[in-house]
Amino acid sequence: MRSSSNPAFRNLPKGGTQTYGQYGPPVGFNQPQGGVPGYGPGQVSANEGDRPMTVDDVVVKTGISLGVTLLVGIVTAIWAQNQLADTGRLSVALIGAMLGGLVVGLVISLVIIFKQKASAPLTLVYSAAEGLFLGAVSGVFEAIYPGIALQAIIGTMGVFIGMLVVYKTGAVKVTPKLTKWIVGAVVGVAILMLFNLISALAFGFNPLRDGGPIAIIFSIVCIGIAAFSFLLDFDQADRMIREGVPSKWAWYVAFGLMTTLVWLYLEILRLLSYLRE
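Heads up: the sequence shown runs through residues 3 to 279, numbered per my numbering.
Hints listed in this document are in silico derivations from the structure and should not be mistaken for laboratory results. Some clues are possibly wrong.
Stated by the list, open to error - Result set (BS3-like, lysine-lysine): computed pairs, CA atoms no more than 25 Å apart in a straight line: (1) Lys117 x Lys250; (2) Lys250 x Lys170; (3) Lys250 x Lys119; (4) Lys182 x Lys170.
Claimed, not checked - Label pairs and their in silico Cβ distance ranges: (5) Val61 x Gly172: 13 to 23 Å; (6) Val189 x Val113: 20 to 30 Å; (7) Phe116 x Ile156: 26 to 36 Å; (8) Ile193 x Ala87: 31 to 41 Å.
All of these numbers come straight from a predicted model, not from anything done at the bench. Just so you know, even glycine gets a beta-carbon here, dropped at the ideal spot from N, CA and C.
Build out the structure end to end from the sequences listed, making use of the hints.
In structure tokens:
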């Protein structure tokens with residue numbers, strides 16, 4: 003199994019070799035050699051008590067997760083705009099919603115990733131937390147740049163659908179070389195973001211997020227990397243389906259896709275705000 007830039011797909015359980023369906027190239031993760039106890043090639047463990055995962059499982063679970071995020075996000079965005087209209091500034095409640103959603107989402111994502119939890123409740127709570135965070139952020143951006151949130155949503159879904167078409171048509175093959183390139187790019191971007199954050203807090207120097215030419219280029223690069231990360235996500239889901247991984251792991255695939263969608267949306271939102279300036 004190829005490595006992946008998306009940590010959500012690392013060290014997943016390894017199933018059999020029978021093909022149960024097809025799905026586009028997702029982010030591949032290193033799987034343990036031993037697999038899941040009692041779960042061998044071409045069969046589902048009695049302990050799992052679950053049938054093999056299919057494309058429908060992935061589509062439905064991802065759709066539910068995305069629906070929760072959108073619902074919570076829309077409600078939160080409307081509330082955030084009302085808060086800004088009433089106070090004319092960021093209120094404690096609004097800041098708390100941003101930080102609360104961000105922290106809860108981060109904690110749950112770490113639990114899912116490191117505990118390898120294929121859990122519907124955890125995935126849905128993560129989706130709701132991200133909806134709270136993104137809704138609060140979007141509400142603030144929407145108050146400054148009317149219409150920007152809808153544009154960012156359309157852009158995000160457009161990129162997602164476009165990369166799914168690219169994967170399904172085989173226009174771009176997910177090779178070990180491409181995987182290494184994407185993983186390296188994600189690590190590089192993460193390091194740059196960390197140094198930029200330290201620089202902004204310590205010296206007030208924020209070149210990657212100040213809306214200038216460098217910030218615009220950086221956002222475009224991040225959007226490109228996030229888009230190509232979808233290819234690895236699709237590839238991983240495809241492999242899990244072919245190997246007969248139990249259907250409950252569709253929630254894990256949904257979580258992995260959601261992490262990429264959240265990152266992509268934030269980068270598109272930032273880029274649009276820079277261009278509005």
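Here's how the hints hold up against the structure:
A C-alpha spacing of about 15 Å is found between lysine 117 and lysine 250, which places the hinted pair at or below 25 Å, so the restraint holds. Taking the CA atoms of lysine 250 and lysine 170, the gap is about 24 Å. The hint holds against a cut of 25 Å. A hinted pair counts as satisfied when its Cα atoms are at most 25 Å apart, and lysine 250 with lysine 119 qualifies at roughly 10 Å. Restraint check for lysine 182 and lysine 170: satisfied, since their Cα atoms lie roughly 21 Å apart, inside the 25 Å limit.
At about 20 Å, the CB distance of valine 61 to glycine 172 agrees with the hint of 13 to 23 Å. For the pair valine 189 and valine 113, the beta carbons lie near 22 Å from each other, so the given range of 20 to 30 Å is met. Judged by the Cβ atoms, the range 26 to 36 Å given for phenylalanine 116 and isoleucine 156 holds: they are separated by roughly 34 Å. Between isoleucine 193 and alanine 87 the beta carbon distance is about 39 Å. The supplied range of 31 to 41 Å therefore holds.
Violated hints are absent here; each numbered hint is respected by the structure.
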